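Asks: Residue strings, one per chain:
Protein chains: 2
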Amino acid sequence: MGTTSQSLESEDRVRALLDAWCRATTAKDIDAIFDCYAPEIVAFDAILQLRFKGTEAYRKHWRECLDSCGAMHFEIHEAEVASAGDVAFVHYMARCGGTGPDGKEHLGWMRATIGCREIEGRWLVTHEHFSAPFDPMSGKSLFELQP
Amino acid sequence: MGTTSQSLESEDRVRALLDAWCRATTAKDIDAIFDCYAPEIVAFDAILQLRFKGTEAYRKHWRECLDSCGAMHFEIHEAEVASAGDVAFVHYMARCGGTGPDGKEHLGWMRATIGCREIEGRWLVTHEHFSAPFDPMSGKSLFELQP
Chain A
1 MGTTSQSLES EDRVRALLDA WCRATTAKDI DAIFDCYAPE IVAFDAILQL RFKGTEAYRK
61 HWRECLDSCG AMHFEIHEAE VASAGDVAFV HYMARCGGTG PDGKEHLGWM RATIGCREIE
121 GRWLVTHEHF SAPFDPMSGK SLFELQP
Chain B
148 MGTTSQSLES EDRVRALLDA WCRATTAKDI DAIFDCYAPE IVAFDAILQL RFKGTEAYRK
208 HWRECLDSCG AMHFEIHEAE VASAGDVAFV HYMARCGGTG PDGKEHLGWM RATIGCREIE
268 GRWLVTHEHF SAPFDPMSGK SLFELQP
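In order, the protein sequences belong to chains A and B. Just so you know, our numbering puts the end of the first sequence at 147, numbered straight through with nothing missing. Just so you know, our numbering puts the end of the second sequence at 294, numbered straight through with nothing missing.
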């Protein structure tokens, strides 16, 4: 149940991976972001497409996202890690946004789930899923919700 | 890397859990759905709220969802499982929907990620995340996308 010294060490390493990814995202450093991803990543991003398979497709999407936003704001809250052996998953609440064309920072809450594997001694993200919930009556995403 | 006989057996058991959940959802059998969930589940559902903590809150939400939809349609596609020890995660594409007030079936694609733990010999869902992507320009969810 995740309480052995091995799984505690794995949890620390998964949290370090998450921290590295968050620093890279805030810095808009695409190489450092992709240092966190396994080549075969399957990503469910919050916007535009159902899924991205592999780092080539996902990097193109990330590049477009980084180019279209100003300063990037990303905070990780309530992160919970489950790990055993070479497999881990994490879920957290993300306080995130960026600077709009009006020069103002627009922040909201989203949800994130990350799947990780330890591959050749390195923990890497093999799956990620970001989203905002929507109102089924209007079809509109709900950006104003508070956790 | 998930190729030992133990992890293959775990993968089979996680897939059986997913199948049981899918049958229960299609049958709108809320007790059978909740037989799949750990009491401490943290759920990021596609609609209305950022997250649901624990089966009491999540069951209330499920009850409202089941009451408001007609026949429930749910298919699991492209399911990939990673498991080691007592931890697993799964991601898949869901073809889902229901019968609207017009008597017609409305189906679309969504994304799902599931986190599982083996607890006292039973695999249970401790986390799930369902979503549709949205268009960042309009804020509208994108239900017409094809994988």
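Think of the hints as simulated: they come from the structure by calculation, not from any bench. There could be a bad hint or two in this list.
[Claimed, not checked] Label pairs and their in silico Cβ distance ranges: (1) A:Gln146 <-> B:Leu292: 26 to 32 Å; (2) B:Gly217 <-> A:Lys53: 16 to 22 Å; (3) A:Met72 <-> B:Arg170: 20 to 26 Å; (4) A:Glu64 <-> B:Ala167: 35 to 41 Å; (5) B:Pro186 <-> A:Leu8: 20 to 26 Å; (6) B:Arg269 <-> A:Leu8: 21 to 27 Å; (7) B:Gln293 <-> A:Asp31: 29 to 35 Å; (8) B:Leu292 <-> A:Thr55: 37 to 43 Å; (9) B:Lys207 <-> A:Arg95: 25 to 31 Å; (10) A:Thr55 <-> B:Glu291: 24 to 30 Å; (11) B:Glu156 <-> A:Asp135: 37 to 43 Å; (12) A:Asp35 <-> B:Ser215: 42 to 48 Å; (13) A:Lys140 <-> B:Glu187: 28 to 34 Å.
[To be verified] Some chain A residues close to chain B (C-beta under 10 Å, calculated; not the full set): (14) Ser5; (15) Ser7; (16) Thr26; (17) Ala46; (18) Ala84; (19) Thr99; (20) Pro101; (21) Glu105; (22) Leu107; (23) Trp109; (24) Gly115; (25) Thr126; (26) Pro136; (27) Ser138; (28) Leu142.
[Said to hold, decoys possible] As a list, the in silico DSS-like pairs of lysine-lysine whose alpha-carbon atoms are at most 30 Å apart: (29) A:Lys53 <-> B:Lys287; (30) A:Lys140 <-> B:Lys207; (31) A:Lys140 <-> B:Lys200; (32) B:Lys287 <-> A:Lys104; (33) A:Lys140 <-> B:Lys251.
Every value quoted in this text rests on a predicted model; they were computed, and no experiment measured them. No residue lacks a Cβ here, since even glycine has one placed at the ideal position from N, Cα and C.
Asks: If a hint holds in the structure, say so; if it does not, say that too.
Replies: Verification of the supplied hints:
| no. | hint | result |
| --- | --- | --- |
| 1 | A:Gln146 <-> B:Leu292: 26 to 32 Å | holds, 29 Å |
| 2 | B:Gly217 <-> A:Lys53: 16 to 22 Å | violated, 34 Å |
| 3 | A:Met72 <-> B:Arg170: 20 to 26 Å | violated, 42 Å |
| 4 | A:Glu64 <-> B:Ala167: 35 to 41 Å | holds, 40 Å |
| 5 | B:Pro186 <-> A:Leu8: 20 to 26 Å | holds, 23 Å |
| 6 | B:Arg269 <-> A:Leu8: 21 to 27 Å | holds, 24 Å |
| 7 | B:Gln293 <-> A:Asp31: 29 to 35 Å | holds, 32 Å |
| 8 | B:Leu292 <-> A:Thr55: 37 to 43 Å | violated, 21 Å |
| 9 | B:Lys207 <-> A:Arg95: 25 to 31 Å | holds, 26 Å |
| 10 | A:Thr55 <-> B:Glu291: 24 to 30 Å | holds, 27 Å |
| 11 | B:Glu156 <-> A:Asp135: 37 to 43 Å | holds, 42 Å |
| 12 | A:Asp35 <-> B:Ser215: 42 to 48 Å | holds, 44 Å |
| 13 | A:Lys140 <-> B:Glu187: 28 to 34 Å | holds, 31 Å |
| 14 | Ser5 | violated, 14 Å |
| 15 | Ser7 | holds, 8 Å |
| 16 | Thr26 | violated, 19 Å |
| 17 | Ala46 | holds, 6 Å |
| 18 | Ala84 | holds, 3 Å |
| 19 | Thr99 | violated, 14 Å |
| 20 | Pro101 | violated, 12 Å |
| 21 | Glu105 | violated, 16 Å |
| 22 | Leu107 | violated, 14 Å |
| 23 | Trp109 | holds, 6 Å |
| 24 | Gly115 | holds, 4 Å |
| 25 | Thr126 | holds, 7 Å |
| 26 | Pro136 | holds, 5 Å |
| 27 | Ser138 | holds, 8 Å |
| 28 | Leu142 | holds, 7 Å |
| 29 | A:Lys53 <-> B:Lys287 | holds, 23 Å |
| 30 | A:Lys140 <-> B:Lys207 | holds, 22 Å |
| 31 | A:Lys140 <-> B:Lys200 | holds, 23 Å |
| 32 | B:Lys287 <-> A:Lys104 | holds, 22 Å |
| 33 | A:Lys140 <-> B:Lys251 | holds, 22 Å |
Going down the numbered hints, you'll see the structure goes against 2, 3, 8, 14, 16, 19, 20, 21, 22, while the others check out.
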